[in-house]
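So the protein sequences, as listed, match chains G and F.
Sequence positions in the first sequence follow the working numbering and run 716 to 817.
Sequence positions in the second sequence follow the working numbering and run 96 to 592.
Warning: the hint list may mix true and false statements.
[What the hints assert, rightly or not] Derived Cβ-Cβ restraints for the label pairs, each shown as a range:
(1) I746(G) with E206(F): 41 to 49 Å
(2) V730(G) with P324(F): 19 to 27 Å
(3) L535(F) with M783(G): 29 to 37 Å
(4) V773(G) with A304(F): 19 to 27 Å
(5) V536(F) with Q772(G): 37 to 45 Å
Just so you know, these hints were derived from the structure itself, not from any lab.
Cβ coordinates follow ideal geometry from the N, Cα and C atoms, glycine included.
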Amino acid sequence: MNAIGTEPYIILSMVLFLMGALGVLIRRNAILLFMSVELMLNSANLALVAFAREWGQVDGHVFVFFVMTVAAAEVAIGLALIVNIFRERQSINIDDLQQMRG
Amino acid sequence: MEFDLWAQLPSVLPEIGLTALAIVVLFADCYGSQATRRNVVYISAVSMALLALVPLIWLPDPALYENGALLWGGMVNYDPLAQIFKVMLLLGGAVTCVLAAGDKGVGDKGEFYLIVIVATLGGMMMSSASDLILVFVALETLSIPLYMLASFRRGDQRSAESGMKYFLYGAFASAIMLFGFSLLYGFTGTTNLAAIADSMNSLGDGLVAVMAALVMVVLGFGFKIGAVPFHFWTPDVYEGAPTPVTAFVSVSSKAASFALLLRFMTAVFPADLVIAGVVIQDFWINLLVVISIISMSLGNIVALRQTNIKRLLAYSSIAQAGYTLIGVAALQGENPDLAVASVSFYMFMYIFTNLLVFGGAILFIAKTDSEEISDLAGLNRRSPWLALFMTIGLLSLGGIPPTAGFFGKFFLFQAAVNANLVGLALIAVTNAIIALYYYLVVIKVMYVDVGPDDDVAIGIPRVYGWSLGITALVVILLGTIIVTPIYNWATLGAAGL
């Protein structure tokens with residue numbers, strides 16, 4: 716059953732995490748930025764589940780359920796904020812968010 | 096272990112009360128009559144102030160926390176530290192509600208108070224959390240409402256922009272922190288903060304993974320408290336958010352994060368944790384010392400050239416986070432109790448001080464529609480009380496006796512010197528002198544400068560004036576006669592760590 720060890724999962728989750736982090740730093744569209752953040756959260760979820768299997772516990776799985784719930788709440792708020800900013804600016808490019816400087 | 100509900104209940108009583116209050120406020124706002132809806136602000140403020148009495152009076156039995164007993168299946172710490180921060184957060188929330196009451200587009204909407212209550216609930220859970228799962232959930236219960244609050248003013252571009260920025264940076268920081276948590280869990284097989292340290296100690300290797308987790312967690316905390324180099328969101332969010340929200344963000348999120356930072360660092364990375372010959376505590380102490388020094392210096396120097404009062408207070412709050420980190424770094428010494436007490440006392444006085452300054456600013460901005468410091472000219476003649484309250488607050492931020500800020504800084508520096516961080520204390524003193532300059536400039540503008548609207552009086556609504564007055568009184572009392580009892584109470588907080 717444990718034909719695949721824990722390491723490949725962790726390496727995959729780290730790759731996903733880095734992709735998400737780079738996405739946040741490079742992308743300029745608010746929705747893509749937001750998707751990158753979600754990718755980071757899910758990479759942490761993958762790591763948690765893999766670790767839970769390694770330890771033979773349910774703690775990690777429970778953690779993942781809470782993270783998913785929180786991420787859902789975050790999606791609701793985040794999309795509302797994006798709609799809000801689009802109404803004000805007709806743009807969701809975060810480089811346009813420059814009204815305040817100094 | 097047998098589950099004894101009545102012994103465990105007091106540890107979450109304020110949270111239960113707050114949840115009930117949130118439901119009451121929600122229904123009162125949805126289905127209540129006009130008169131009820133107008134009174135939502137008083138229902139929220141008075142109930143939160145009354146709930147603050149519960150942790151204030153009902154101190155936990157030392158037998159419960161001295162041997163590290165945890166309640167609710169290891170999720171909740173019931174110790175004086177959590178109680179102290181719960182009192183702070185509840186009082187901060189109550190004052191915020193009153194200060195927001197008159198603000199058009201913010202305080203006249205009932206859901207504002209609901210969101211403030213839920214955010215306070217998250218902060219309270221943070222201050223007592225002792226498990227990674229609860230830490231994460233509590234952190235987000237605090238953060239998500241704050242994103243909403245920052246963009247609360249409809250049809251205001253700056254408010255929308257501020258909420259968006261806060262959300263994107265905040266979600267990014269908590270994702271990084273969560274990955275750090277998953278590493279900690281993967282490495283130790285437990286989510287309980289105290290058990291993590293034991294497990295890491297017995298494993299005794301995996302230095303790189305522990306360091307990576309540590310850096311990720313510090314990054315998350317650094318973001319929440321607004322310390323350099325994770326401060327870039329602070330000025331924009333502070334300037335763009337509605338002013339009552341700025342006041343709330345600057346005190347509640349910071350106090351809850353410092354409570355959690357103290358607990359997290361002492362529990363997960365304690366002094367006796369040595370991995371592959373490296374003392375982990377030395378590493379994070381040095382990290383925090385560096386963050387503290389650059390936060391203080393950068394915050395104060397950039398604040399010097401600000402012309403907008405909210406941006407000035409934003410940079411001042413970055414510097415204040417730097418000062419408070421001194422207390423956390425002082426955990427390294429022989430006397431960690433002093434460090435914990437100094438951080439708790441500093442946050443206690445900071446909440447009242449900052450709410451006082453922001454309270455003055457909220458009224459001024461609402462009446463004159465200007466956020467420029469130069470427009471404060473002649474405030475003494477327009478509203479002597481408002482000028483006096485703001486002066487007390489600014490002097491306290493600057494650390495001048497007889498205000499609370501003096502003792503706040505005094506205890507921090509004392510803790511630093513006790514922990515052999517004399518150099519850090521000296522840098523902090525130098526910084527405090529620089530900071531004094533820009534606080535005094537604002538006071539000078541209010542009292543000496545002559546403005547075009549000098550004869551236009553600014554009226555203070557009665558309830559608003561009284562709450563500002565009481566806050567100012569607390570700031571003065573904390574700097575004079577109630578210093579000793581509050582500091583002794585804060586010292587108790589160290590016992591449970």
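Comparing the hints with the structure gives:
1. I746(G) with E206(F): 41 to 49 Å: violated, 26 Å
2. V730(G) with P324(F): 19 to 27 Å: holds, 25 Å
3. L535(F) with M783(G): 29 to 37 Å: Check failed, 51 Å falls outside 29 to 37 Å.
4. V773(G) with A304(F): 19 to 27 Å: holds, 22 Å
5. V536(F) with Q772(G): 37 to 45 Å: violated, 58 Å
Hints 1, 3 and 5 from the earlier list are contradicted by this structure; the remaining hints agree with it.
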